[in-house]
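K.L.:
Residue strings, one per chain:
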Amino acid sequence: MTINELKTGQSARILTVGGEGALRQHLLDMGVIPGVELTLVKFAPMGDPIEIRINHYELTLRLDDAKRIEVEPVERRDEAAEKIIKKKKLQMQTAHPGLGEDGIFHPKGSGEPLPEGTKLTFALVGNQNCGKTTLFNQLTGSNQHVGNFPGVTVDRKDGAIRGFSDTCITDLPGIYSMSPYSAEELVSRDFVLLEKPHAIINILDVTCIERSLFLTMQLLEMDVPMVVALNMMDEMVGNGGSVDVNALEEMLGTPVIPISAAKNEGVEELIHHAVHVAKYQEKPLRQDFCDKQADGGAVHRCIHAVIHLIEDHAKRVGLPVRFAAAKLIEGDERVLEQLNLDENEKETLSHIIVQLEKERGLDRNAAMADMRFRFIYKVCDRCITKPKESREHIRSEKIDKVLTGKFTAIPGFILIMALVFFLTFGLIGPFLQDLIEQGISRLSAAVQGWMESGQVSPVLRSLVIDGIFNGVGSVLSFLPVIVTMFFFLSLLEDSGYLARIAFVMDKLLRKIGLSGRSIVPMLIGFGCTVPAVMSTRTLPSARDRKLTILLTPFMSCTAKLPIYSFFVNCFFPGNAWWIITGLYLLGILMSVLVALLFKKTLFRGEAVPFVMELPNYRMPGFVNVWHLLWDKAKDFLKRAFSVILIATVAVWFLQSFSFRFNLIEDPKDSILAAIAGLLVPVMSPVGLGDWRIITSLVSGFMAKESVVASMEVLFSGDLAASLTKLTAASMLVFSLLYTPCVAAIAAVKRELGGKWAVGVVIWQCLIAWLCALAVRLIGLSLGMV
Amino acid sequence: MNIWDYCILGAVLIALVVAVLVIKKGKSGCSCGCSSCPSCNTCKKKPEK
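Line by line, the protein sequences give chains Y and Z.
Numbers 1 to 785, taken from the working numbering, label the letters of the first sequence in order.
Numbers 1 to 49, taken from the working numbering, label the letters of the second sequence in order.
Because the hints were derived from the structure by calculation, they are not lab data.
The hints are all genuine.
Result set (DSSO-like, lysine-lysine): computed pairs, CA atoms no more than 27 Å apart in a straight line:
1) Z:K25 to Y:K638
2) Z:K24 to Y:K634
3) Z:K25 to Y:K749
4) Y:K546 to Y:K749
5) Y:K749 to Z:K24
Because the structure is a prediction, the values reported are computed rather than measured.
Excised from the complex, chain Z in its bound form:
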């Protein structure tokens, strides 16, 4: 493996970690996954049946 291999591998790993963090952040306080998340608060309160 040369220096570029390490760089690319490192970049891919960082991208994956960031992707996981983005998903986790999106889910904090909001789990509906809609486009307004997490600002819309739509899922903070359950509707009454």
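One chain only, chain Y, in its complex shape:
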């Protein structure tokens, strides 16, 4: 039978792992190997994908992929019984190996310190969502954003370790193995291979150590000085588990330090060891994990035969020979190309591998993964006392009964999102916005009174009040709404709910050609399109990345909120929250339609497999959320007093003067009116043929917030009398869908190239124009003016 045929809660042992290519390798790397037991936790509400528990963590799989994994049912595993046996073994005392400590102990002929003044470089490597960025922040004192979702970090980040200015530590995206499965995993692998850091800090989530050690073993093979940080030890110990650190250190041949990155425990000791091994270049004592005796030693003999075969090539290109040999056996094309073997050597290699498969009875990838996991189980057997089921996991299971339950998941999602929108636009946001507006209008009145009493020139009064106060002030008042929106988005991410949304929505998204993982960039897009576009790097296929990037502009970013609030307050007062929610839904609807169009034209084919780890729910960290909100507020204020200030002054100037630089009475004679007038024929059919509207929309390309600022300046606060409700409706729809701002387009250009970026600008404007036209025609047919 296959996994999909199991019943919920049923356990089984894996017999074979079918399929091919990167996905199969990824599954093997994550511990889905023959002989391992797993439990089917649940089916997603729409019946696909499924959630399995394997090696003490939760993994999602689509039914199509699950069908390729053959299993045989077993009795439900009794983890408690296993624990008692292990506990007895732990009573054996192990001597303290003292690796990475000061003194005379320098293994493997190392011990010559690097020259004084050498800048020590470190790579921070670990699985996704194991706390790398939290540790990075502790090590460097920076405030990088962390989240409870696999793949928050999509590119490297550098910083110096606190108290060691001559160091540079690089936080890398999370990877499960050195076989890259997605773009951001490639970033990590290339960094370690090509930039050759002086040492690696390998961070492990000790609560699922089996899976984490898989990467550790591959890193040890790279023969680079390394320390292992066992993160989340507090959680492990709190739930009754323990680790024989000395034994683990001895078995891995590298320093092991238990830490809790979130509580800043053990971090000082980690720094001390990391700096020591880097300075003295103390390499791991062990790279050879294959067992001579296991299954006739087939894997052992194969690896060592390949090592002898390629040793000269690996040295020539600077690859660690053990690592290169293992990758060749696994069929890594990149390494094969790098080594430049001749035909004879390639033929010998294939013969060795065929012999391995024949003797071992497993294919090359499964045999290698099996060899590694055998060693890992041996390590865990000796060093780890598994905790009882963690409080976090029990809590997550309870919450998941509702939030990913068959009948409650989707209503729950809708309810949560509706609550977020209601609180943002209907309750907290407007209340705070009103307070700021009052403050700004009082300040504006005071300044105006002061300027009148000081007999300041009317032109300068107009510049300050109509230009700066109206423009920048109107944008500033939206700060609370934007911060509130980000607050809720960060709560969703930090709590771990975002990963569940991906799980629940996968089947639905597959209908439009995407995978569940694409929901994450899209939800981030409700905050800002720039990080949304960047976060598509976690998607493992180019097709999915492109399609998701093209859809993110339809997710209305927070910078558009001022436009909606401004128009809704002016033309549809009292209906703010549902009209704005309707606009968000329209954006989503358009993205679905466009995705269906793309699926049948530009992006034929299937979405990538949905293999993702489901983290436990955690309480969002106050400091983390506060940092994020502070960053967003700071960014918004910076934009308000830079881009928007310049835009409002420029708009004020261009609408106050003629081409001869004479002050004009009627704005229709202004420079701005003449320039914007060129686009009037294009925008007239959609009811936006007013030069002032066109100017505002053009300024929105720099920053969306400046649309409102420009309108305040150009309409002199008399917008309600100048436009009709129908025009306002067209404007709202056009603003929702037209081109994202220049920063977002720059992000698209960086990810997909210039042609796609230009394409996005034209495509979004076209869609916006058509939808605004539709709104206008519908409005006219209903008798609106």
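Chain Z: place on chain Y using the hints.
P.N.:
Using the frame of chain Y, we list chain Z on its own:
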């Protein structure tokens, strides 16, 4: 133009220069314009296609 006119004009010009400098500083080494700029370094390295 009186003394206040000159003061206000001067203040506006200084504000504009500072705004231009802020924009330029934000773009040095980082061009994505996201909120973490320029500390996140997200755009220093291109992803491999």
